[in-house]
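Chemist: Turn these sequences into a full structure, and let the hints guide you.
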Amino acid sequence: MNSHKSITEFAESEPAMSMQLEDPRVIEFDVRTDEMLVNMGPQHPSTHGVLRLLLRTDGEIVHECTPHIGYLHRCAEKIGENLSVVQWIPYSDRMDYLAAMNMNLGMSLAAEKLLGMELPDKAMVVRVIIGELGRIASHLVGMGAYGLDLGSFSPFLYAFREREIVLDLFEEVCGARLTYSYITVGGTTHDLPEEIEIPPGLASLTKRDPRTRLPWIDALRMFLNWLEPRITEYHTLLTRNAIFIKRTAAIGVMSAEMAVSHGCTGPVLRGSGVDYDLRRHGESIYTRMYDDFEFDIPVAPFGDAPPEVILGDNWCRFFVRMMEVVQSIRIVRDALDRYPTAAGEHRVPHKLATKLPKDECYLETECPRGQMGFYLVGTGNAEPLRARAKSSCFCNLSVTQKLCQGVPLADVPSIVGSLDVVMGEIDR
Amino acid sequence: MNIEDIHEILLEKFGSDVVVGLTTEAIDPWIEVAGDSVAEVGVFLRDDERLQLKHLNDLCGVDYLEPDPKKSKRFEHEPHIEVVYQLSSLTLKHRMTLKVKLPRWKNETEGDLPEVPSVSGVWSIADWHEREAYDLLGIRFLNHPNARRILCPEDWVGHALRKDYEFPQEYHGIRGK
Numbered sequence: 001m002n003s004h005k006s007i008t009e010f011a012e013s014e015p016a017m018s019m020q021l022e023d024p025r026v027i028e029f030d031v032r033t034d035e036m037l038v039n040m041g042p043q044h045p046s047t048h049g050v051l052r053l054l055l056r057t058d059g060e061i062v063h064e065c066t067p068h069i070g071y072l073h074r075c076a077e078k079i080g081e082n083l084s085v086v087q088w089i090p091y092s093d094r095m096d097y098l099a100a101m102n103m104n105l106g107m108s109l110a111a112e113k114l115l116g117m118e119l120p121d122k123a124m125v126v127r128v129i130i131g132e133l134g135r136i137a138s139h140l141v142g143m144g145a146y147g148l149d150l151g152s153f154s155p156f157l158y159a160f161r162e163r164e165i166v167l168d169l170f171e172e173v174c175g176a177r178l179t180y181s182y183i184t185v186g187g188t189t190h191d192l193p194e195e196i197e198i199p200p201g202l203a204s205l206t207k208r209d210p211r212t213r214l215p216w217i218d219a220l221r222m223f224l225n226w227l228e229p230r231i232t233e234y235h236t237l238l239t240r241n242a243i244f245i246k247r248t249a250a251i252g253v254m255s256a257e258m259a260v261s262h263g264c265t266g267p268v269l270r271g272s273g274v275d276y277d278l279r280r281h282g283e284s285i286y287t288r289m290y291d292d293f294e295f296d297i298p299v300a301p302f303g304d305a306p307p308e309v310i311l312g313d314n315w316c317r318f319f320v321r322m323m324e325v326v327q328s329i330r331i332v333r334d335a336l337d338r339y340p341t342a343a344g345e346h347r348v349p350h351k352l353a354t355k356l357p358k359d360e361c362y363l364e365t366e367c368p369r370g371q372m373g374f375y376l377v378g379t380g381n382a383e384p385l386r387a388r389a390k391s392s393c394f395c396n397l398s399v400t401q402k403l404c405q406g407v408p409l410a411d412v413p414s415i416v417g418s419l420d421v422v423m424g425e426i427d428r
Numbered sequence: 001m002n003i004e005d006i007h008e009i010l011l012e013k014f015g016s017d018v019v020v021g022l023t024t025e026a027i028d029p030w031i032e033v034a035g036d037s038v039a040e041v042g043v044f045l046r047d048d049e050r051l052q053l054k055h056l057n058d059l060c061g062v063d064y065l066e067p068d069p070k071k072s073k074r075f076e077h078e079p080h081i082e083v084v085y086q087l088s089s090l091t092l093k094h095r096m097t098l099k100v101k102l103p104r105w106k107n108e109t110e111g112d113l114p115e116v117p118s119v120s121g122v123w124s125i126a127d128w129h130e131r132e133a134y135d136l137l138g139i140r141f142l143n144h145p146n147a148r149r150i151l152c153p154e155d156w157v158g159h160a161l162r163k164d165y166e167f168p169q170e171y172h173g174i175r176g177k
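These protein sequences, in sequence, are chains G and B.
The first sequence lines up with residues 1 to 428 when you count with the numbering used here.
The second sequence lines up with residues 1 to 177 when you count with the numbering used here.
In short, the hints are calculated from the structure, not lab data.
In this text, all values refer to a predicted model and were calculated from it rather than measured experimentally.
It is possible that part of the hints are untrue.
As the list claims (entries may be wrong) - Derived pair list, reagent style EDC-like, types lysine to aspartate or glutamate, alpha-carbon separation capped at 16 Å:
#	chain 1	residue 1	chain 2	residue 2
1	B	Lys-163	G	Glu-81
2	B	Lys-93	G	Glu-283
3	B	Lys-71	B	Asp-48
4	B	Lys-13	B	Glu-49
5	G	Lys-78	B	Glu-40
6	B	Lys-101	B	Asp-17
7	B	Lys-71	B	Asp-5
8	G	Lys-355	G	Asp-334
9	B	Lys-163	B	Glu-78
10	B	Lys-93	G	Glu-81
11	B	Lys-54	G	Glu-81
12	G	Lys-78	B	Glu-78
13	B	Lys-13	B	Asp-48
14	G	Lys-358	B	Glu-25
15	G	Lys-358	B	Asp-28
16	B	Lys-99	B	Asp-28
17	G	Lys-402	G	Glu-64
18	B	Lys-71	G	Glu-383
19	G	Lys-78	B	Glu-66
20	G	Lys-358	B	Glu-78
21	B	Lys-99	B	Asp-164
22	G	Lys-358	B	Glu-76
23	B	Lys-54	G	Asp-218
24	B	Lys-163	G	Glu-383
25	G	Lys-358	B	Glu-66
26	G	Lys-358	G	Glu-383
27	B	Lys-99	G	Asp-359
28	B	Lys-71	G	Asp-275
29	B	Lys-163	B	Asp-68
Unchecked claim - Listed below are several chain G residues computed to face chain B (Cβ distance under 8 Å; list not exhaustive):
#	residue
30	Lys-390
31	Cys-395
32	Asp-427
Cβ atoms here follow ideal geometry from the backbone N, Cα and C, with glycine treated the same way.
Modeler: Here it is in structure tokens:
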């Protein structure tokens, strides 16, 4: 018997080896895609912090997306039950750390509603200026980070260049650059500063001597005058960019019904075409600050949107944010005009250990990312029985599971980024 | 529409067995309903043409208990747990607070979590809010599609926002105290 088997004979007698002998062209057509679990995050640049998405993928298609949160849980509510409301304000800074001023504002207003405090005009005007400036800074980060998510680096640099000036102005106001604790129960901790040295960023952009001293209000006006025409440039750079439109238009489409049912608020809700902004439709304790100001509430659909865009997609949500920046500039300008003649002090005195009445109240305010709610239950002690912070991003994030079903993997960062979530606020 | 009108509509529809109470003297007045029927009340509040409360702003639990015996004399509430629903209508621009009162423990047996029907079928966001209330306050929501912890790890023991919660001595070798 011939000991040298031909290759075919060998294959027949040894079935285990047959794999190696298959025609490579056949194998090529036999590529199967198995379902695979992919862990995106908690350390992933596109998840905006410590969000973990568990993706069940089949090739490039995501069949199921399960968000896992809680990596930044710092027991803020439990801490709040052991502190007086004023002591809790620094903890509210750490919730949405990109818009800490707006968090302070919501927290303070809830406490004022509970205590039945009346504020002087000046305190309200300062709050409007600071709150809207916080919104501008926050949306700038939102824009820059969204560009990064989609692979465009330069808008991020421009956004942070502008935000730096806002942070410098905030630093002059309260001494801090990120966690301000500036707006407090009864008003604000300080009045606006009178004269400051021009922020270095603003000096170099407007080609002024960095040692120039000028009133804080004028520095802010100078910044707004400089920022406003730049927004058109960002639109050319990002919003109307063909690649950007391809990555955002008609992706992550959310109907108005779904947005309402999922408790979405802020730009996410307005991006789906629901005209609802607490600055106009909220409770009087909050809306009275904005009553005399003229501003529009940008709501999708937009007449000047590219033809590919569908109501409620990523592009709409992003564009609502960009348009809000323009409106905020309007409000700040208006408020700056009113500030010098506003009556009263920047603050009414409030003791640290003021006892809360035996009552409870819930108040929501319009933060950059949506409606942030605070719920306080007083029992006659300085410490509330329950200090609840309802997060807007928490609700906005809950739609990812539905929006990411059946989309290509590359669209997941695009969808999550368009919701513009901050994990500090979700996990509290 | 104010809270008295909503109360009247609810009372007419469900009767006083379900709509247990109305408190108007509070800053945010609230309506209290019986725990067992909160899901049916929720469907009605959401779908009724006059109310249209389609937006659930917040759902949270509150633990009424003063664990310190010195302070408990001045504490006016009986020990109980409340589930608070904040609702609003984006079209009609009104809002309301709905409450459900529960015992701290089911059948007075410590460790047996109180139960209330889930409203996640009424408002989708309740899914996550209820998971958080279960995680932090130990309220069991019946018929919840995914009744797991959301903020704490799944093997965490206890519910942190309970007033008598004791911080664990150690967790996976990490010293707690």
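Chemist: Now tell me, hint by hint, if it's right for this structure.
Modeler: Verification of the supplied hints:
For the proposed pair Lys-163/B and Glu-81/G, the alpha carbon gap of about 10 Å is at most 16 Å, so the pair holds. For the hint linking Lys-93/B to Glu-283/G, the alpha-carbon distance of about 10 Å falls within 16 Å, and the restraint holds. With a C-alpha separation of about 44 Å, the suggested pair Lys-71/B and Asp-48/B falls outside the 16 Å cut-off, and the hint is violated. For the proposed pair Lys-13/B and Glu-49/B, the alpha carbon gap of about 14 Å is at most 16 Å, so the pair holds.
Restraint check: the Cα-Cα separation between Lys-78/G and Glu-40/B comes to about 32 Å, which exceeds 16 Å; the hinted pair is violated. A hinted pair counts as satisfied when its Cα atoms are at most 16 Å apart, and Lys-101/B with Asp-17/B qualifies at roughly 14 Å. Between Lys-71/B and Asp-5/B the alpha-carbon distance is near 38 Å, which puts this suggested pair outside the 16 Å criterion. Restraint check for Lys-355/G and Asp-334/G: not satisfied, since their Cα atoms lie roughly 37 Å apart, outside the 16 Å limit.
Between the alpha carbons of Lys-163/B and Glu-78/B the distance comes to roughly 13 Å, so the proposed pair stays at or under 16 Å and holds. The suggested pairing of Lys-93/B with Glu-81/G is violated, with an alpha-carbon distance near 31 Å, which exceeds 16 Å. Simply put, Lys-54/B and Glu-81/G have alpha-carbon atoms about 31 Å apart, too far for the 16 Å limit, and the pair is violated. With a C-alpha separation of about 21 Å, the suggested pair Lys-78/G and Glu-78/B falls outside the 16 Å cut-off, and the hint is violated.
Proximity of Lys-13/B to Asp-48/B is assessed by CA-CA distance (about 11 Å); at most 16 Å being required, the pair is judged to hold. In summary, the hint linking Lys-358/G to Glu-25/B is supported, as the alpha carbons are separated by about 11 Å, within the 16 Å threshold. Only pairs whose Cα atoms come within 16 Å are accepted, and Lys-358/G paired with Asp-28/B is accepted, the gap being roughly 12 Å. A threshold of 16 Å between alpha carbons decides the hint, and for Lys-99/B with Asp-28/B the separation of about 12 Å falls inside it, so the pair holds.
Of the supplied pair hints, the one linking Lys-402/G and Glu-64/G holds, its CA atoms being roughly 8 Å apart against a limit of 16 Å. Using a Cα cut-off of 16 Å, the hinted pair Lys-71/B and Glu-383/G holds, with the two alpha carbons roughly 13 Å apart. For the hint pairing Lys-78/G with Glu-66/B, the CA-to-CA distance comes to about 14 Å; that is within 16 Å, so the pair holds. A distance of roughly 14 Å separates the Cα atoms of Lys-358/G and Glu-78/B; the hinted pair therefore holds under the 16 Å criterion.
At most 16 Å may separate the alpha-carbon atoms for a hinted pair to count; Lys-99/B and Asp-164/B exceed this at roughly 22 Å. A distance of roughly 9 Å separates the Cα atoms of Lys-358/G and Glu-76/B; the hinted pair therefore holds under the 16 Å criterion. With a C-alpha separation of about 45 Å, the suggested pairing of Lys-54/B with Asp-218/G is violated against the 16 Å cut-off. Distance restraint check for Lys-163/B and Glu-383/G: the Cα-Cα separation of roughly 13 Å lies within the 16 Å cut-off, and the hinted pair is therefore satisfied.
The hinted pair formed by Lys-358/G and Glu-66/B meets the criterion: a straight-line CA distance of about 14 Å does not exceed 16 Å. This hinted pair checks out: Lys-358/G and Glu-383/G have alpha carbons roughly 11 Å apart, not beyond 16 Å. Our distance criterion of 16 Å between C-alpha atoms is met by Lys-99/B and Asp-359/G, whose separation comes to about 15 Å. Simply put, Lys-71/B and Asp-275/G have alpha-carbon atoms about 47 Å apart, too far for the 16 Å limit, and the pair is violated.
A distance of roughly 10 Å separates the Cα atoms of Lys-163/B and Asp-68/B; the hinted pair therefore holds under the 16 Å criterion. Satisfaction of the interface hint for Lys-390/G is found here, the shortest Cβ-Cβ separation to chain B being roughly 4 Å, below the 8 Å cut-off. Given the 8 Å rule on beta carbons, the hint for Cys-395/G holds: about 5 Å separates it from the nearest Cβ of chain B. Hint status for Asp-427/G: holds, given a least beta-carbon distance of 6 Å to chain B, under 8 Å.
Checked against the numbered hints above, the structure violates hints 3, 5, 7, 8, 10, 11, 12, 21, 23, 28; every other hint is satisfied.
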